[in-house]
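2 protein chains.
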Amino acid sequence: MITVALAKGALLKDSVTRFAKAGLDFSAVLEPSNRLLMVPSVCGRAKALLVRNGDVPVYVAYGQAHLGIVGFDVLSEKQMQVANLVDLGFGGCRMSVAVKSTSGYKSAVELPPHCRVASKFTNCARRFFEGIDLPVELVHLTGSVELGPLTGIAEAIVDLVATGRTLRENGLVEIDQLFYSTARLIAHPLSLRLDNGKLQQIVDTIQSQSDSSCL
Amino acid sequence: MITVALAKGALLKDSVTRFAKAGLDFSAVLEPSNRLLMVPSVCGRAKALLVRNGDVPVYVAYGQAHLGIVGFDVLSEKQMQVANLVDLGFGGCRMSVAVKSTSGYKSAVELPPHCRVASKFTNCARRFFEGIDLPVELVHLTGSVELGPLTGIAEAIVDLVATGRTLRENGLVEIDQLFYSTARLIAHPLSLRLDNGKLQQIVDTIQSQSDSSCL
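So the sequences go chain by chain: B and L. Heads up: the first sequence begins at 1 in our numbering, then just goes up one per residue. Heads up: the second sequence begins at 216 in our numbering, then just goes up one per residue.
Certain hints may be false.
[Stated by the list, open to error] Calculated pairs, BS3-like style, for lysine-lysine (alpha carbon to alpha carbon, straight line, at most 30 angstroms): (1) B:Lys13 to B:Lys78; (2) L:Lys262 to B:Lys120; (3) L:Lys315 to B:Lys47.
Bear in mind the hints are in silico, worked out from the structure with no lab data behind them.
Full structure from sequences and hints, please.
This is the structure in structure tokens:
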């Protein structure tokens, strides 16, 4: 039986649509009354694991799910051993550096060395600041990162920005972009190698309906 | 101005009650319509930061909050430099090892060496399994850890258990307990050392109304 890992939250509806086009109907997970975390497809030949964003690449890397859909932001932060197969185009947002709009900084290289940077994505932030040779102290927060500069715990933040509304409401402004993130179809590499064609067929169908590919 | 860090979620109501008894009224954070993450007290001499559980010790360790209330589970996992002052008694739950009820394991030492253990609290789990000299592979998950044994990603989990309902619903059973967790009043150590009496007065009032103390 094919197992796919789906992320709860913003990506769920589009993820279900993509798998439906490949013949796997998991629309039951979208029912408001659904409490199940393991949901069989209507055809009965697959099941979906409904997990948190950050856990999708974990289930796929350990082979407990053959396929999964998750944001590039999570893939980049987690660095798990998964095959990043298709850029699905939806769920677009920027991973950005932001500061108080009154701070005067115009780009990340202007930040003072050894300043504090708060983020949920400290691995992404570390690589970015290493890349521009700016030593910073990273403060790992798990939510409401926009509070960082307001409370003074950090001079800058690295966070996902979709519309920019949260930043504006908190008097923050983007000064640099790490990358643009979209939803990706990922697979367990060994399952793909040992596949008898069923997985590849799903991947091919989803890929053919997407504008661009990571391959 | 005194700043306190309060955890969103299950501990919030009782936390507000304790600070109210010490003269700091943050009941505005309990209003369903409240969207503010920084809320002044009614008296105007303090403000509350409304943050996620795991971020309370971070804000206190960095001195952006002088005091905070957070579960011992989070303190134990995060190991930040904060003063653990008062056991407030509420928010009680067990940090437990659980397995499939059909597995036959009766205690953690019976688990096979190098088995996989899934948890949100991998630091707590690591210390526990090191303490019983059982090498295990830890799988960090961010939610729905009870799925671990059902999907096969792990043979055991380490997770918080309050009523045990989630475990029962998923066919799991507790076989060992790491510790019992309750809400704690914590403080920024340096703020407490440099305090002119105001912080200590709040701590003393809250402590006098609690059954037991960590000191």
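Hint-by-hint comparison with the structure:
no. : hint                 : result
1   : B:Lys13 to B:Lys78   : 23 angstroms, holds
2   : L:Lys262 to B:Lys120 : 24 angstroms, holds
3   : L:Lys315 to B:Lys47  : 20 angstroms, holds
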